[in-house]
Amino acid sequence: MIRFDQVTKRFADGTEALKDVSLTIPTGKLTVIIGPSGCGKTTLMKMINHLEVPTSGDVLIDEQSIKDRDEVELRRSIGYVIQRIGLFPHMTIAKNAALVPTLKGWSAEKTKERVSELMNITGLDPETYLHRFPLELSGGQQQRVGVVRALAGDPNIVLMDEPFSALDPISREQLQDELRNLQQRIQKTIVFVTHDMDEALKIADHIIVLRAGKVEQTGSAHDLIHEPANDFVRNFIGQDRINRQRSFGQRKISELSSYYKQAKIGELVVSINSSEDVEKAIALLEQPQTDVLAIYTNEEFVGYIDQTSLLKAVLAKEVGASSYD
Amino acid sequence: MTDFLETIQSRSDLIQQAFFEHIYLSFVALAIGIAIALPLGILIARHRKYAEPVIGVTAVFQTIPSLALFGFLVPLMGIGSNTALIALIIYALLPILRNTYTGLTSVDSSIIEAGRGMGMTRTQILKQIEFPLALPFIMAGIRTATVLTVGIATLATFVGAGGLGDVIYRGLQSYNNSLVLAGALPVALLAISFDLLLKWVEKKATPKGMKTQ
Ligand SMILES: Nc1ncnc2c1ncn2[C@@H]1O[C@H](COP(=O)(O)OP(=O)(O)OP(=O)(O)O)[C@@H](O)[C@H]1O
Ligand SMILES: [Mg+2]
Numbered sequence: 001m002i003r004f005d006q007v008t009k010r011f012a013d014g015t016e017a018l019k020d021v022s023l024t025i026p027t028g029k030l031t032v033i034i035g036p037s038g039c040g041k042t043t044l045m046k047m048i049n050h051l052e053v054p055t056s057g058d059v060l061i062d063e064q065s066i067k068d069r070d071e072v073e074l075r076r077s078i079g080y081v082i083q084r085i086g087l088f089p090h091m092t093i094a095k096n097a098a099l100v101p102t103l104k105g106w107s108a109e110k111t112k113e114r115v116s117e118l119m120n121i122t123g124l125d126p127e128t129y130l131h132r133f134p135l136e137l138s139g140g141q142q143q144r145v146g147v148v149r150a151l152a153g154d155p156n157i158v159l160m161d162e163p164f165s166a167l168d169p170i171s172r173e174q175l176q177d178e179l180r181n182l183q184q185r186i187q188k189t190i191v192f193v194t195h196d197m198d199e200a201l202k203i204a205d206h207i208i209v210l211r212a213g214k215v216e217q218t219g220s221a222h223d224l225i226h227e228p229a230n231d232f233v234r235n236f237i238g239q240d241r242i243n244r245q246r247s248f249g250q251r252k253i254s255e256l257s258s259y260y261k262q263a264k265i266g267e268l269v270v271s272i273n274s275s276e277d278v279e280k281a282i283a284l285l286e287q288p289q290t291d292v293l294a295i296y297t298n299e300e301f302v303g304y305i306d307q308t309s310l311l312k313a314v315l316a317k318e319v320g321a322s323s324y325d
Numbered sequence: 001m002t003d004f005l006e007t008i009q010s011r012s013d014l015i016q017q018a019f020f021e022h023i024y025l026s027f028v029a030l031a032i033g034i035a036i037a038l039p040l041g042i043l044i045a046r047h048r049k050y051a052e053p054v055i056g057v058t059a060v061f062q063t064i065p066s067l068a069l070f071g072f073l074v075p076l077m078g079i080g081s082n083t084a085l086i087a088l089i090i091y092a093l094l095p096i097l098r099n100t101y102t103g104l105t106s107v108d109s110s111i112i113e114a115g116r117g118m119g120m121t122r123t124q125i126l127k128q129i130e131f132p133l134a135l136p137f138i139m140a141g142i143r144t145a146t147v148l149t150v151g152i153a154t155l156a157t158f159v160g161a162g163g164l165g166d167v168i169y170r171g172l173q174s175y176n177n178s179l180v181l182a183g184a185l186p187v188a189l190l191a192i193s194f195d196l197l198l199k200w201v202e203k204k205a206t207p208k209g210m211k212t213q
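Listed in order, the protein sequences are those of chains A and B. Residues 1 to 325 (the numbering used here) are what the first sequence spells out, left to right. Residues 1 to 213 (the numbering used here) are what the second sequence spells out, left to right.
Among the hints, a few may not be true.
In the DSS-like style, the derived pairs of lysine-lysine whose C-alpha atoms are separated by at most 30 angstroms in a straight line are [to be verified]:
{"hint": "1", "chain 1": "B", "residue 1": "K208", "chain 2": "A", "residue 2": "K95"}
{"hint": "2", "chain 1": "B", "residue 1": "K203", "chain 2": "A", "residue 2": "K95"}
{"hint": "3", "chain 1": "A", "residue 1": "K29", "chain 2": "A", "residue 2": "K188"}
{"hint": "4", "chain 1": "B", "residue 1": "K199", "chain 2": "A", "residue 2": "K95"}
{"hint": "5", "chain 1": "A", "residue 1": "K67", "chain 2": "B", "residue 2": "K49"}
Here are the simulated distance ranges between beta carbons [what the hints assert, rightly or not]:
{"hint": "6", "chain 1": "B", "residue 1": "L43", "chain 2": "A", "residue 2": "M1", "range": "39 to 45 angstroms"}
{"hint": "7", "chain 1": "A", "residue 1": "R69", "chain 2": "B", "residue 2": "M210", "range": "33 to 39 angstroms"}
{"hint": "8", "chain 1": "A", "residue 1": "E73", "chain 2": "B", "residue 2": "L67", "range": "57 to 63 angstroms"}
{"hint": "9", "chain 1": "A", "residue 1": "L135", "chain 2": "B", "residue 2": "F20", "range": "41 to 47 angstroms"}
{"hint": "10", "chain 1": "B", "residue 1": "V201", "chain 2": "A", "residue 2": "G28", "range": "50 to 56 angstroms"}
{"hint": "11", "chain 1": "B", "residue 1": "D195", "chain 2": "A", "residue 2": "P169", "range": "51 to 57 angstroms"}
{"hint": "12", "chain 1": "B", "residue 1": "K208", "chain 2": "A", "residue 2": "D177", "range": "32 to 38 angstroms"}
{"hint": "13", "chain 1": "B", "residue 1": "M210", "chain 2": "A", "residue 2": "D70", "range": "19 to 25 angstroms"}
{"hint": "14", "chain 1": "B", "residue 1": "N82", "chain 2": "A", "residue 2": "R69", "range": "50 to 56 angstroms"}
{"hint": "15", "chain 1": "B", "residue 1": "D195", "chain 2": "A", "residue 2": "S138", "range": "35 to 41 angstroms"}
{"hint": "16", "chain 1": "B", "residue 1": "G56", "chain 2": "A", "residue 2": "K110", "range": "47 to 53 angstroms"}
{"hint": "17", "chain 1": "B", "residue 1": "I192", "chain 2": "A", "residue 2": "D154", "range": "52 to 58 angstroms"}
If you're looking for bench data, these hints aren't it; they were derived computationally from the structure. Owing to the predicted nature of the structure, the values given are computational and were not obtained by experimental measurement. Glycine included, each C-beta is placed from N, C-alpha and C at the ideal position.
Okay, chain A solo, but in the shape it has when bound (with noise of 0.2 angstroms):
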């Protein structure tokens, strides 16, 4: 587990990156950092590989403080795939993916196995790309490269930022798909940083969302869409997203306010909240004494909705269309 106890960043210039963050990351777990650009999510990973030291607070792995760890030790146990790539460009693809594990002093065989193990996982033919020299690479296969550099020493934790930017969707959701796969198999404890959100949701067994270099929201993707915690959150997930996620049934009356009509349609009229869900007002209508909902938000009366007016909702949702919003 790292923890995070209250830790604040101030930069030379003044420029308070973290304010007071208290968090933990679950130990073999992928937890995904997100929020807008400026907000500290580069800042707070590099916390945990000790490139940059807490102004106040501590962070700590396993209850262990890392200003107690050696520090050349600690990053080489933490693999790092950094932002801007940084592959060496003197040196080839290889050398490149086997530094760790030769700063570490494992064989030969050994490093050469494991590069190449993580390379065809990575998508990068090794016999095509071990001799090369990263700029004869393309700006996505250079992040794989970083990718691969990082998992290559086998570490029990891996900091990624935004590993996955610089590709194209489909290699995109391909690399998603084998960090997930490779997650579950090896179990380590990833710190993913991301801007994406639907990558994000993706991902994540854990998220945290940062703003302005505090902590809005942790918790698990269904967390999130289900209980944002407050308008930003719900705001940077976007509307869409959480409607997207949600099943139809757990939507509130409210969303489908497009589809309420004026007249009374039927006899036998009930009213409800418009903060309901929709299951609650179709089990309402499911009862032979209910023909049409009568619907209230805050005690005011705003429009019927029945049968037929759920069915077109849910045909729109089928067919893509966004009119209840």
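Chain B with the ligands: place on chain A using the hints.
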């Protein structure tokens, strides 16, 4: 032309001696210059706040006309080859120092950060990353310093340190144009051939992966 060849023949001892003195002066100055400027360059690249003053001071020396510098040194150090060496070293410093500094500081910070993040020590980063990447710059600095030193060593004759300047000076005094030429030509040849040689070395020193840029 026949005059010139005759001069070379009759004065071959003098020319030969002067030639070797010249090479000796240039190379010793260069070697010492590298031994000072290279570590100093590394040092100021590590502690950048000292970079400007240190480079500034060497740059000021560089602006002193070479003849004047020799002139300043004589009252302080007397005449002889040590005086000449000091002056030459002073001129060799700046190009090497500045290029070492520029080379080291122009290494992309993301590359250094990657090295640190992977758990490389500072020495490993310097030896395996910064130095190889800065080497083309450093070699270019040494090349400039070499050409400069070979040229300025011609003035060593004024402090009695010999060198090809001797030949030229004697030629001038005796209105012997052939002798002047017999001194000046080797200086030019030396400078040009070292320039070419070091240019080649510089190219060799460029890490393979960088050439595609
Ligand atoms: N060395 C530094 N000195 C001063 N300010 C810095 C330094 N590094 C980062 N900052 C500032 O700290 C804040 C957080 O930066 P950080 O790199 O952590 O953001 P980020 O969330 O990773 O952004 P992005 O998504 O754009 O990568 C920013 O305002 C940035 O300008
Ligand atoms: Mg960042």
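Each hint tested on the structure:
no.	hint	verdict
1	B/K208 to A/K95	13 angstroms, holds
2	B/K203 to A/K95	22 angstroms, holds
3	A/K29 to A/K188	7 angstroms, holds
4	B/K199 to A/K95	28 angstroms, holds
5	A/K67 to B/K49	27 angstroms, holds
6	B/L43 to A/M1: 39 to 45 angstroms	42 angstroms, holds
7	A/R69 to B/M210: 33 to 39 angstroms	35 angstroms, holds
8	A/E73 to B/L67: 57 to 63 angstroms	58 angstroms, holds
9	A/L135 to B/F20: 41 to 47 angstroms	45 angstroms, holds
10	B/V201 to A/G28: 50 to 56 angstroms	53 angstroms, holds
11	B/D195 to A/P169: 51 to 57 angstroms	53 angstroms, holds
12	B/K208 to A/D177: 32 to 38 angstroms	35 angstroms, holds
13	B/M210 to A/D70: 19 to 25 angstroms	33 angstroms, violated
14	B/N82 to A/R69: 50 to 56 angstroms	53 angstroms, holds
15	B/D195 to A/S138: 35 to 41 angstroms	38 angstroms, holds
16	B/G56 to A/K110: 47 to 53 angstroms	52 angstroms, holds
17	B/I192 to A/D154: 52 to 58 angstroms	55 angstroms, holds
The structure fails hint 13 only (numbered hints given earlier).
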